[in-house]
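Number of protein chains: 4
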Amino acid sequence: MKSVYEECIKACRECLEACNHCFDKCLMEEDAGMMAECIRLDRECAEMCGFALQAMTRNSPYAEDICQLCAKVCEACGNECSLHKHDHCQLCAESCFACAEACRKIAS
Amino acid sequence: MKSVYEECIKACRECLEACNHCFDKCLMEEDAGMMAECIRLDRECAEMCGFALQAMTRNSPYAEDICQLCAKVCEACGNECSLHKHDHCQLCAESCFACAEACRKIAS
Amino acid sequence: MKSVYEECIKACRECLEACNHCFDKCLMEEDAGMMAECIRLDRECAEMCGFALQAMTRNSPYAEDICQLCAKVCEACGNECSLHKHDHCQLCAESCFACAEACRKIAS
Amino acid sequence: MKSVYEECIKACRECLEACNHCFDKCLMEEDAGMMAECIRLDRECAEMCGFALQAMTRNSPYAEDICQLCAKVCEACGNECSLHKHDHCQLCAESCFACAEACRKIAS
Chain A
1 MKSVYEECIK
11 ACRECLEACN
21 HCFDKCLMEE
31 DAGMMAECIR
41 LDRECAEMCG
51 FALQAMTRNS
61 PYAEDICQLC
71 AKVCEACGNE
81 CSLHKHDHCQ
91 LCAESCFACA
101 EACRKIAS
Chain B
1 MKSVYEECIK
11 ACRECLEACN
21 HCFDKCLMEE
31 DAGMMAECIR
41 LDRECAEMCG
51 FALQAMTRNS
61 PYAEDICQLC
71 AKVCEACGNE
81 CSLHKHDHCQ
91 LCAESCFACA
101 EACRKIAS
Chain C
1 MKSVYEECIK
11 ACRECLEACN
21 HCFDKCLMEE
31 DAGMMAECIR
41 LDRECAEMCG
51 FALQAMTRNS
61 PYAEDICQLC
71 AKVCEACGNE
81 CSLHKHDHCQ
91 LCAESCFACA
101 EACRKIAS
Chain D
1 MKSVYEECIK
11 ACRECLEACN
21 HCFDKCLMEE
31 DAGMMAECIR
41 LDRECAEMCG
51 FALQAMTRNS
61 PYAEDICQLC
71 AKVCEACGNE
81 CSLHKHDHCQ
91 LCAESCFACA
101 EACRKIAS
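Protein sequence lines correspond, in order, to chains A, B, C and D.
The first sequence begins at 1 in the working numbering and counts up one residue at a time.
The second sequence begins at 1 in the working numbering and counts up one residue at a time.
The third sequence begins at 1 in the working numbering and counts up one residue at a time.
The fourth sequence begins at 1 in the working numbering and counts up one residue at a time.
You may find that some hints are simply not true.
Any copy, or any two copies together, can satisfy a pair, since identical chains are not distinguished.
Unchecked claim - Okay, derived cross-link-like pairs now, DSSO-like style, lysine-lysine, Cα gap no bigger than 27 angstroms in a straight line:
{"hint": "1", "residue 1": "Lys72", "residue 2": "Lys85"}
{"hint": "2", "residue 1": "Lys85", "residue 2": "Lys105"}
{"hint": "3", "residue 1": "Lys105", "residue 2": "Lys72"}
It is worth saying that the hints were derived from the structure and are not from the lab.
I would like the entire structure built from these sequences, with the hints used as guidance.
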């Protein structure tokens, strides 16, 4: 089941996990109100990565287009997360930037 | 395209819309930190209703099982939303309870 | 809960329903083997419309981008469906073209 | 980010990949018409596993319920796939049964 998407599939599932973990943890922070934009983008990015994951694994004719959009959402979520000092935000930013990079490779 | 699911499909898409609207608005409230549980359940319920909507419209062999679970999630989201005075929470609670009822009819 | 997306939300949910109905019916046709591309694109389009529906109703910062991509997928699914004489294919093509048009309005 | 769901998350993403791969390959088989039920259940199971994956990684209060349903869908898809001699069907059946087992552990 080797595919040209292999690296990007891995990046998307790691980013999906990191975003959902960050979403869950942000909602439990004492300063949850300050994390609103992070919570919003975590959901955006987790759903986008899940969508890309499904598309690549079903060999969608639109996988490249979807990855191009995914790169944009990952970049934005990474930028937001990197502003916050919580470990889950910093880890999420890292996964987001890695996924954006992997998605750009597929899209180009 | 009339189907036995028609009423429930309508309830699920209205509930999905109300939950996503409530999610968006909760994140913009000054007391967003107080709305954490509402934000979490709004996402749970919107994704669950979207999943049920896809299942019913594709005539899934698991539509009944999925609706049974959807009723449980809608009920919980409705209970949480009904605790908050914001209009979007009150409207969301109403849609959640209506959707729970429609889902229970399908499941039984 | 009036929104600039109202018309497009309606078009996406109708297209989602038509594509899933067509997917279900194609799998039951005697010539299901001839319908492979239609079955594939029906799934692509139903999932894409569902994704756009969730994005618009949660006021996603990426709703326009997602609708732009959705227009492309709808157009392709409509083109494929219009080649087949089954009623469910013809109805699906109609919903796809209408949704593509509504998505383009949002994207522009 | 270690979690009680770790094994089940892995099983769900492997099953999602196997089901989507099988879906794609079935649509390209000369006997695609004979594979209609396999194609249908591959989609059911891939979407169900994706839904469970999102739920577990966001620490959903409904993860157990969702895994219980996922086990049922995986079992059915595995049973169907195991009837077909294609490699992608046999591999898919294996992933489905493994995922059903992992989901049952979470649900119980």
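Hints, one by one, checked against the model:
For the identical chains of this complex, lysine 72 and lysine 85 are intra-copy neighbours only, at 23 angstroms inside a copy versus 36 angstroms across copies, given an alpha-carbon limit of 27 angstroms. For the homomeric pair lysine 85 and lysine 105, neither the shortest alpha-carbon distance inside one copy (29 angstroms) nor that between copies (36 angstroms) is at most 27 angstroms. In the homo-oligomer, the alpha carbons of lysine 105 and lysine 72 lie at most 27 angstroms apart both inside one protomer (13 angstroms) and across protomers (21 angstroms), since each shortest distance falls under that limit.
The structure fails hint 2 only (numbered hints given earlier).
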